[in-house]
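Chain residues, written in single-letter form:
Number of protein chains: 2
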Amino acid sequence: MAGAPQRPGEFELIARYFAPIAGAGGLGLRDDAGLLRPARGFELVVTTDALVAGVHFLPDDPPASIARKALAVNLSDLAAKGASPLGFVLSLVLPKGWTEAWLAGFAQGLGEIAAESACPLVGGDTVSTPGPLTLSITAFGSVPAGRMVLRSGAKPGDLVLVSGTIGDGALGLKVHAPGKPDWVAGLSEADRAHLADRYLHPRPRLALAAALQAHASAAMDVSDGLVGDLAKLVAASGIGAEIDLDTVPLSAAARAAIMADPALTELAWTGGDDYEILCTASEREFPAMAAAAEAAGLGLACIGRVTSELGVVRFLERGRARSFAQGSFAHF
Amino acid sequence: MAGAPQRPGEFELIARYFAPIAGAGGLGLRDDAGLLRPARGFELVVTTDALVAGVHFLPDDPPASIARKALAVNLSDLAAKGASPLGFVLSLVLPKGWTEAWLAGFAQGLGEIAAESACPLVGGDTVSTPGPLTLSITAFGSVPAGRMVLRSGAKPGDLVLVSGTIGDGALGLKVHAPGKPDWVAGLSEADRAHLADRYLHPRPRLALAAALQAHASAAMDVSDGLVGDLAKLVAASGIGAEIDLDTVPLSAAARAAIMADPALTELAWTGGDDYEILCTASEREFPAMAAAAEAAGLGLACIGRVTSELGVVRFLERGRARSFAQGSFAHF
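Protein chains in written order, with the working numbering: chain A, 232 to 563; chain B, 232 to 563.
In case anyone wonders, no lab produced these hints; they're calculated from the structure.
Misleading hints may appear alongside valid ones.
Copies of one chain are not kept apart here, so a pair can be met inside one copy or by any two copies together.
What the hints assert, rightly or not - Cut-off 30 Å, straight-line C-alpha distance, at most; resulting in silico cross-link-like pairs (DSSO-like, lysine-lysine):
#, residue 1, residue 2
1, K386, K405
2, K463, K327
3, K405, K327
4, K386, K327
5, K386, K463
6, K386, K411
7, K405, K463
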């Protein structure tokens, strides 16, 4: 094509940028398909997430950050299910006008998080689109047979637990995206950086996977907002919950934002992009679960208790009932 | 949104249209992740393909046909690797303005091919895009440990074999798409229908999977054109090949098109969208491989022989050397 930038073809591109992410054990992306070899007695947990530029990330975000996020949101699901990463496949749908520099940055970020999480690239497909950059990653993890942690195992009387801090991702998007609300200017530089980083670079809580497998009665990751994801967990488990919102863990940066605009609690609790673990555990199992979180350098807050009121989640804030207009981020 | 059509939300949509495709054995799409349980002694073959409206299919193609094709191209890869389908995950990236009628048709086509091929839906993600409809499917198959059929096993002296007929898909696109070339009008109604159907509804050759596992030295599916895919197979195997183009199997409809315009052989042999099996087998294994194909109601033509000339494919047509300008469909 006259005038088009000189760019490598699909096979050169795979060899140069993606084969290094494939690790040493597999087929090195040199076949039509990849191979996964779960150990004897183990099952495979499979999760898939699609991300679209302008919907799930900003088109101008650093390519390494986009790559990290695309794999991290899948690893977050594996962690919540108690699984250890085994590998992933990538569908990379490239818009017109992609550059090799962009792709090099993308592959670098992807390679870093793949190496950190021992999750090699086992296959993929690269195609072009007249639309925006679109990524779909399917990730695989292994769990001992019968030990995947489900959404559906919570029992009345169990404690409701959440890792890390809630709200940073949704607040971080406001800090990061154009058209910033007034409260952003009132935050310190460090608080702004913290929130934006939490939005751009979710940390999958893989360090909690083994403890969840051993001690949790139910778990999921918080991706669509604490309030909405909690509704899914109680529906799947056929239970209810009472949540004390004053105990939901907030970062210092999120506290500063909420000090500036108290209405931001709504965004923090419903906004999504947290990628923390929401789980339930019996009182007996709680100390072991908390100890595992501490050993992993993570907070694990008890925010409420499971009830037998099917599908009903009661929220208390400073002792008074609170309800939410919008349960969680809706894709449509 | 005022004025927007009344449409089901993501969870209703999953329950109504996709849960029925999940089969009875799994988690019914009610958790964050799916579960695969390969039998003891089996490994998992993983393949992924992305399809974009306007690139891999026409936006106005029947939604059931789009769904069928999206899964079929993945099943074709599993078949070529000798694997039995275990399940698949779907990333469905919906453009603005999708309708429930479109989605119902899509789910119906997807459910039919999933049932026919015993390949249940084990998970997925549904998101929206300002761009064109985009689908990414990752499919899983099982093979006895160590028995995945690779691209890289062809040996000098092996026969080069191809299933079914070649060229129908690429010719079918010309018949099906707007702006039809002159030769299309000269074809019979039945020939036009045959070619368009071959483009719209690829048939994954799963019936050959067991025989490939038992008898083939190397295999891949023909998706990017016979000439280009053959180049990949010889490169992966570190061999060469001599191909007698007069023996490449053509359908009656493709023959009629080539009669009308002899230059169409180029398109037939390089155009892609065949989803037939290209494989190699020793002379000793060939009769068993051919018998298996016959039992499956499929042709299996011997089109040439593997040589030791690394990476060199020599094509003969009516006894004379022929070369191809464009090896295969290039995505960039």
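Against the structure, the hints come out as follows:
In this homomeric assembly, K386 and K405 never come within 30 Å of each other (Cα to Cα): the closest approach is 36 Å inside a single copy and 59 Å across copies. Only between protomers do K463 and K327 lie at most 30 Å apart by alpha-carbon distance; the minimum there is 26 Å, versus 38 Å within a single protomer. For the identical chains of this complex, K405 and K327 are neighbours both inside a copy (28 Å) and across copies (24 Å), given an alpha-carbon limit of 30 Å. In this homomeric assembly, K386 and K327 never come within 30 Å of each other (Cα to Cα): the closest approach is 51 Å inside a single copy and 40 Å across copies.
For the identical chains of this complex, K386 and K463 are intra-copy neighbours only, at 15 Å inside a copy versus 55 Å across copies, given an alpha-carbon limit of 30 Å. Neither within a single protomer nor between protomers do K386 and K411 lie at most 30 Å apart by alpha-carbon distance, with minima of 42 Å and 63 Å respectively. Taking the shortest Cα distances, K405 and K463 sit within 30 Å of each other inside one copy (25 Å), while across copies they are farther apart (47 Å).
When each numbered hint is compared with the structure, violations occur for hints 1, 4, 6.
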